[in-house]
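Engineer: Below, each chain spelled out in residue letters.
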Amino acid sequence: MSTKRPKSTTTTSKGKDKKADESSAGSVAGSGHPNDILPLTLTSATQELFGCRCDEDVTGDNPYKILRKEDIVQDMRMRAAVSDFSPMKQLVLDYPEDELLLVYDRDFIYGSSFYLVLTADAKERHLKPVVALGVEVALEREPSEVFATQKTSEPQPWISLGSEQEIEEESVTDSRPRLKYRISRVRREFGAPIFFSDRNAMETKDGFIECTPYQDKNFSLKQMERHTGVQTIPNLKSSSTQTQWTYPRSMCTQYEPREFSEEKKENCLQSEKLKNFVNSVASRFEMAIQQNEIMDVFFDDWKALSEEDSGYGRKADPHLKEYQSFTDLHFSKEKTISNINWHPTINGVIAVAVTERLSFEDRINGSTKLLLNPSLILFWSFSDPINPQLLLECPDDVFSFEFCPSDPNIIVGGCMNGQVVLWDISTHVEQLQGTRTSGGKNIAANTNALQGFEDKRENETPVVRYCAVSGIENGHKAPITDIQWLPGTFEVSRMGVPMENKNGICVQIVTCAPDCCVMFWDIRAPRVLQTMADQRKQKVEEKPLENPHGVPNTFKHLDLTWKPLIRVSLPKIDTSGEYSPLKISLRDNTCDNHTGSNADRAHLNAERSEVAPEYALLRVPSAKQLKPLEDICTRLYAGTEDGELVYTDWKLEKDNDSGRLFSAKPSHRFIIHDGQVNTVRRSPFFKDIILTVGGWTFAIWKEGVTNGPIIQSSCSQKKCTVGYWSQSRPAVLFIGKEDGNIDVWDLLEKTHEPSQTQNITATQITCIKPWIVSSKQHLLAVSDHLGTLHILEIPWTLRSPSSNEKLSMSKYFEKEVDRLVYFEKRREMRAKEKKDYEAEELRKKTEPIIPEKQVEQILEEAMKEYEDYLSLERVILKEMGLLPDTDKVDI
Amino acid sequence: IATFLGRKLQPRPQNEVEETLKRIQGQKGVQGIIIVNAEGIPIKTTLDNSSTVQYAGLIHQLVMKARSTVRDIDPQNDLTFLRVRSKKNEIMIAPDKDYFLIVIQNPSD
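In order, the protein sequence lines correspond to chains A and B. Position 240 of the first sequence, counting from 1, maps to 240 under the UniProt record's numbering, and the rest follow consecutively. Position 13 of the second sequence, counting from 1, maps to 13 under the UniProt record's numbering, and the rest follow consecutively.
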């Protein structure tokens, strides 16, 4: 519709205006309509045909309906004049496009219910709801312009509906006049050099802008996941309670056991019940007790067996090893050692008595020379093998000497001339002890009263003179061969009765000599001479400096007046005369068995009397003051010059007639040895076993066994000169020989010969003394005829006892005793038998002779016997029914 | 006419008891014998008083315990003899209804 175009442009301009007046659309509706729209009315059939029924397909909200031009054309053809579109046929045909817009005009804005949009532009305007009303209005106008007679619109006067205000608001207008500024700068300042200066940022406010750190929450991670392990444990709970505190209180009860009174006990004992009980129970006990006796079921045999093998490795050398030997060229040249003694307390000190090696005749001949050479006792110390430590001067050759057991500083010796000598070495004891430890002659430290005296003789061995010697007429008449201290447990009174010893120290000595006497001496001052002794003591006190030769005053009270307490003689049993004892052995009434070292015992003694008692002040107490001791065995064994062993009692008996004391005859005497008895010694383990050595044999005796020695050795090749028991082994003894051998006898091993023999020196052995230094060291001191002292070490085999050695030995001794007893019995029996036999013989011989019978008588008797026999035979046969005659008769 | 007034009858010979005890005492190693009644009071002893009382008290308890042990295990059983062997000696106890006899012996001698 080309004609429409220009109109459309005008309408568009109109539309613009109309747009401005969109609100006035309602008011325009009745009067006119736009040119490009055509209002029309559609019948219901047409509405149904094109699907634009009122209020069904098209509504107020949706008024637009697109119709196809071809449909409209077809409808016009079909329904020609009836169709609603017939009035606008031409318009429709002219429509450029294929589709036409039908708008439902509900409000009859353009005068009809529908209007058709005739131009494409209007269609688009309608469809594009920029301003729906405006477009509507524009659209309304168009059709009205086109349909109706064209009216030219007259411009209406502007009616302002208040939109100017909005426009004004929208537009930008200056609220105030614009300010104008003019900035200028001096020309010369342009391009000037620039000067920089420093300025502290802190000075001025806001000189710097700080960028303070802050915790950015982005960076603190929250752990959303966690891997944990969990373990269950028992629920622990600690709690406390309050208890009632009971405070402790000391209390005690005293009680005593319930006991029956005597009466009640008697009653019980009488009761029948008890009797029955005891009877019934006794048999069980007897069985049990005997079981125990028969065998010890708990004894471990296996263990006991092993003890013997404990020292297997050490059994190598059973020989006595030479430890040291002492000989002095000056003092013991051409002399012999007669006796050895170990110092009881000081280790390593040994004393030897040195005597001349001369026979009696030679002595007499050389007596003058002898007087010039004093006899000595030498003290040797292990630390110095060349020089003796101390010399004791003796009036004559000493054959035996002993240390006092309770005070080792006192030494008693018996001389050849029968005197008893006492020495006190207390001043030199430190020296002896000192040399042992220091090994040199260091006497500077000693503060002695004799200091000045000893200074002169620093290089020489000190000599100690004897402090007391017995009177020659009171002592023995023969050389004293044995001297012993009585143990401190008892003392002997003047009556010869053993009394208790209150002091506990050894104060008495026993000596014996071949003058057939055994004497008892007391080192205390005798009471009888008390007054004189006091005087003497006073004298001594007045003249303290009178101390010739540095002799201590210990025994001044005895010097030269010493007399024996009692004198025991040994009259012979069968004949007159007396035995001449060489060695004696008293029963040691105190000791049991000392298996420990001798030093222990000496220490014990030392403890008892730490301070050496003042012997001068001791007095022999009166016999009434002391209690006599009953259980002291007062018997002694004495070995004699003739090889006998005499067993006697030293208790003196009172002769009723004369009131004099005399000694009883010895109870027993045994002739055993072929020579002088040179040793009578008790075993340290058995109180009643005694060893005697003499001649070529030795013998062991048991006290109380009077048949003879229980063991007697066979004769050896050489003479036995000395013997001694071992101190640690009950079964071992040492025998010294004439040829310098030592025989070691182990009685449990061999009894027919020594278990070992060892040669020590070339000459005869004069003395043997063993000594226990420590448990590991046992020494044997052996002296020989040449004056040399040998110290030997006892090997392990000889010093350690085997298990139960003592028991075995005691059993052995018992066996031997039984053997002796048996022999004795046998002897008796034999003697009896012999006697009986002889009696028998005698009886036979003295029987009467029967006369011979006559021949005829004999014949007669024979015939009678024969006839008797025949008759007897007949009788027997008859009884048996074998007699032939009678049988035949019957038949 | 002999009167018996004021004169005790000769005690019935307890020779048997004495004899038996002597016989036991005479065995080798026996150190002592004690007869104790059922309550633990010693009736006759060869040891000194303090030892007797000590032995009686202690052994009585031991025997009671031993006897109850035996009977607990088997009620028909009863203790006949108890021997306590120590290092130094052996104590033998024979219990009875009313008394016990305790003997101390040193077996190895």
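The hints are simulated quantities; they were obtained by calculation from the structure and are not laboratory data. A portion of the hints provided could be inaccurate.
What the hints assert, rightly or not - Covered, in the sense of this in silico footprint (three residues per stretch, anywhere, with C-beta under 8 Å from a C-beta of chain A), are these stretches of chain B:
hint, stretch
1, 18-31
2, 43-54
3, 59-68
4, 80-93
Glycine included, every Cβ here is placed at the ideal spot set by N, Cα and C.
Engineer: Now look at each hint and say whether the structure bears it out.
Structural biologist: Status of the hints after comparison with the structure:
1. 18-31: holds (count 8)
2. 43-54: holds (count 3)
3. 59-68: violated (count 0)
4. 80-93: holds (count 6)
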